[in-house]
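Undergrad: Sequence:
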Amino acid sequence: MRCTTLLLVILVGTTTSCRIPKNGKPICGTNGVSYVDIKALQCYNKANRSNMIRIAYRGRCLRPEIPQCNFSSTAKNVCGNDGLTYLNSAMVACKNKLQPNKQVKIIGKGPCKKNSRRRKGPKNISTTSNRRMNAE
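Reading the sequence shown from the start, the letters are residues -17 to -1, 1 to 119 in mature numbering (1 follows the signal peptide of the UniProt record, and there is no 0).
A portion of the hints provided could be inaccurate.
Below, computed lysine-lysine pairings styled on DSBU-like, alpha-carbon distance capped at 30 Å [claimed, not checked]:
{"hint": "1", "residue 1": "59", "residue 2": "80"}
{"hint": "2", "residue 1": "59", "residue 2": "92"}
{"hint": "3", "residue 1": "92", "residue 2": "8"}
{"hint": "4", "residue 1": "5", "residue 2": "97"}
{"hint": "5", "residue 1": "96", "residue 2": "8"}
{"hint": "6", "residue 1": "80", "residue 2": "92"}
{"hint": "7", "residue 1": "59", "residue 2": "22"}
{"hint": "8", "residue 1": "92", "residue 2": "22"}
{"hint": "9", "residue 1": "80", "residue 2": "97"}
{"hint": "10", "residue 1": "5", "residue 2": "29"}
{"hint": "11", "residue 1": "85", "residue 2": "29"}
{"hint": "12", "residue 1": "22", "residue 2": "8"}
{"hint": "13", "residue 1": "88", "residue 2": "29"}
Just so you know, these hints were derived from the structure itself, not from any lab.
Model the full structure from these sequences, guided by the hints.
TA: Shown next, in the form of structure tokens:
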């Protein structure tokens, strides 16, 4: 029998409560906050419908400066050479701005497929196009 540890999230000032796995796959929100997983972000959005947060990228936030990045809200996923799917090319540019020593190159349009990491010969896709990295 497999046990799963759950984290009960109760947002202060709301009546929303959510059951969220304690050890999920972390994501970084467009507000610069790291969430335990997508369910935690969805719980936040359920309680804050007037201030919806999207996924900036998978993994913990590098720094809480994501809101300072100028990015589009249009969802056109792109695949980075780090194997991560980004909402759009603007989010890749934002991540590169925050982490200049580990530059991510876009290797394809759409979500990453398995074994996409560090594929040779990345395609040149403009990082100035109007694309947005969006949640599932």
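Undergrad: For every hint, state whether the structure bears it out.
TA: Here is what the structure says about each hint:
Distance hint between residue 59 and residue 80 is fulfilled; the C-alpha atoms sit about 20 Å from each other, no more than 30 Å. Only pairs whose Cα atoms come within 30 Å are accepted, and residue 59 paired with residue 92 is accepted, the gap being roughly 8 Å. For a cut-off of 30 Å, the pair hint linking residue 92 to residue 8 stands: about 23 Å separates their Cα positions. Proposed proximity of residue 5 and residue 97 is supported: the alpha carbons are some 25 Å apart, at most 30 Å.
For a cut-off of 30 Å, the pair hint linking residue 96 to residue 8 stands: about 17 Å separates their Cα positions. A C-alpha spacing of about 21 Å is found between residue 80 and residue 92, which places the hinted pair at or below 30 Å, so the restraint holds. A C-alpha spacing of about 22 Å is found between residue 59 and residue 22, which places the hinted pair at or below 30 Å, so the restraint holds. As the CA atoms of residue 92 and residue 22 are separated by approximately 25 Å, the hinted pair is consistent with the 30 Å bound.
At most 30 Å may separate the alpha-carbon atoms for a hinted pair to count; residue 80 and residue 97 meet this at roughly 26 Å. For the given pair, residue 5 sits about 19 Å from residue 29 by alpha-carbon distance, which is consistent with the 30 Å threshold. Distance restraint check for residue 85 and residue 29: the Cα-Cα separation of roughly 34 Å exceeds the 30 Å cut-off, and the hinted pair is therefore not satisfied. A distance of roughly 10 Å separates the Cα atoms of residue 22 and residue 8; the hinted pair therefore holds under the 30 Å criterion.
This hinted pair does not check out: residue 88 and residue 29 have alpha carbons roughly 33 Å apart, beyond 30 Å.
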